[in-house]
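Asks: One letter stands for each residue in the lines below.
Number of protein chains: 2
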Amino acid sequence: MKTAAALVIGNELLSGKVADANVLALARELRRLGVKLRRVVMVLDDLDTIADEVRALSAAHDWVFTSGGVGPTHDDVTIEAVARAFGVSIEVSADVERMLRSHYGGRVTDGHLLMARVPSGARLVATPSMPWPTVVMRNVWVLPGVPEIFRMKLPLLCDEIGCERPFVSLAVITSLDEADLKPMLDAVVAAYPDVEIGSYPRWGDLAWRTKLTFDGLVPERVRAARDAFVDRLPLGTPLQTE
Amino acid sequence: MKTAAALVIGNELLSGKVADANVLALARELRRLGVKLRRVVMVLDDLDTIADEVRALSAAHDWVFTSGGVGPTHDDVTIEAVARAFGVSIEVSADVERMLRSHYGGRVTDGHLLMARVPSGARLVATPSMPWPTVVMRNVWVLPGVPEIFRMKLPLLCDEIGCERPFVSLAVITSLDEADLKPMLDAVVAAYPDVEIGSYPRWGDLAWRTKLTFDGLVPERVRAARDAFVDRLPLGTPLQTE
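Going down the list, the sequences are from chains A and B. Numbering follows this note's numbering, in which position 127 of the first sequence is assigned residue number 127; successive positions increment by one, without gaps. One rule links them: number in this note's numbering = place in the second sequence (from 1) + 1000.
Looking at chain A on its own, in the form it has when it is part of the complex:
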């Protein structure tokens, strides 16, 4: 199973001024691609911290997706941090510089042109539908923090990574509480090690107290685990399936 990590960058997130929206969008897209998101790290706009995280996450996962820190101001240090993580210098992409000059015309400034900097050796991924290039350094995708633009970039992943084998998710919602259904659940967890099984209490809803989830890459196995759990519930237990 392919794995991924996300590095979410921004003082504004850790100070609670802005709610992150990119983790959820990325997590859902990776599920559709059949890639397991194993870790998310959220850090401040600090060059060394970002560089250390990029290096560690890159070594431990098939792909890393960074979010944020790609503008022209003092708090935008992601490109420099990615270069430092891999011990490469920063160069100016002639292609991106040309696009910036064409976009801003006569009012282009040195600030705008800072956005043409890329780590040496990075690829620039673009498609006809997403002509503005995305910086990919080895297995690290450098994505912008602005949620609208972040989401616009996600379709690139399917082209590059493939999306033939999405995760399958099924669920059962019951009136039993977690402690009551634990013995039935433990038996199914033991019998289906290849299916990821989750149990989530629902706050305040006494009619539907617990949601059980069943996830995996093989649809038949996921369905079998779900059915095995339902079969173990006491006869007449109210349930909903999803």
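Careful: at least some of the hints might be erroneous.
Below, in silico cross-link-like pairs of lysine to aspartate or glutamate (EDC-like), each with a Cα-Cα straight-line distance of 20 Å or less [to be verified]: (1) B:K1017 x B:E1148; (2) B:K1017 x A:D205; (3) A:K17 x B:D1205; (4) B:K1002 x A:D46; (5) A:K17 x B:D1110; (6) B:K1017 x A:D194; (7) A:K211 x B:D1205.
Simulated restraints on C-beta separations [claimed, not checked]: (8) B:Y1104 x A:V125: 51 to 57 Å; (9) B:W1208 x A:W132: 20 to 26 Å; (10) A:W132 x B:V1088: 50 to 56 Å; (11) A:T127 x B:V1088: 49 to 55 Å; (12) A:I90 x B:L1239: 30 to 36 Å.
To be clear, the hints were calculated from the coordinates, so they are not data collected in a lab. None of these values were measured; they are calculated from a predicted model. Glycine residues also receive a C-beta, built at the ideal position from the N, C-alpha and C atoms.
For this one, chain A is given, so just place chain B on it according to the hints.
Replies: Chain B alone, transformed into the frame defined by chain A:
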């Protein structure tokens, strides 16, 4: 300045089934307490991973707040992981067991009683308004993942940590773009190293393109940095202050 980290636990978050709501609530509360949230790590329901993170985050921050994994089912491993992080055993809290037996009465099960387990040496923090105890192991607060209950626990932090000196935040919104205002901003960033200054583009809003934020623990310094930036803007630049 006191620092904190959050460890957010749950397969359901990394698979995109559920949107995390606890990071934002915690970040806002810590701001009110004047504590700097420096790192958030989101991991799967994996015992070793959680134990390793708890150990590392606890050593590097004044406080750590965990979210999730505290119920009775197979995917609830936070208590065990916290115990493992500090090399202590798990014991049953007689006080919590008594509360569980009193709450569930005749229908109490072994599953329910699993929720009385605490790492050996942990404190149980309770107040008259929040009688259900919260497990605190050294500098690690073990909080539940259900957002409604997570938020109910946050007032405990002010009692335990203090909340006399909150962060002060000011902001300026302008019609200039980030690249245009970069030279003025860089000068203020250099002159006010004790004020954290952020620059955020606003997507799609041409009238108010960029939001600048000014944050710190000393109100006069934050205000002075904000005013110094406004003074450098070209005369007649449209702006809003917050």
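Asks: So, for every hint listed, does it hold in this structure?
Replies: Hints and how they fare:
With a C-alpha separation of about 18 Å, the suggested pair K1017 of chain B and E1148 of chain B falls inside the 20 Å cut-off, and the hint holds. For the hint pairing K1017 of chain B with D205 of chain A, the CA-to-CA distance comes to about 19 Å; that is within 20 Å, so the pair holds. Note on K17 of chain A and D1205 of chain B: the hinted pairing holds, with a Cα-Cα distance of about 19 Å set against a maximum of 20 Å. Restraint check for K1002 of chain B and D46 of chain A: the C-alpha separation of about 17 Å stays at or below 20 Å, so the hint holds.
Simply put, K17 of chain A and D1110 of chain B have alpha-carbon atoms about 43 Å apart, too far for the 20 Å limit, and the pair is violated. Proposed proximity of K1017 of chain B and D194 of chain A is supported: the alpha carbons are some 19 Å apart, at most 20 Å. Our distance criterion of 20 Å between C-alpha atoms is broken by K211 of chain A and D1205 of chain B, whose separation comes to about 41 Å. Separation of Y1104 of chain B from V125 of chain A is about 55 Å and conforms to the stated range, judged on CB atoms against 51 to 57 Å.
For W1208 of chain B paired with W132 of chain A, a C-beta distance near 23 Å keeps the hint of 20 to 26 Å intact. Remark: the range hint 50 to 56 Å for W132 of chain A to V1088 of chain B is upheld by a beta-carbon distance near 53 Å. The hinted range of 49 to 55 Å is satisfied by T127 of chain A and V1088 of chain B, whose Cβ atoms lie roughly 53 Å apart. Between I90 of chain A and L1239 of chain B the beta carbon distance is about 33 Å. The supplied range of 30 to 36 Å therefore holds.
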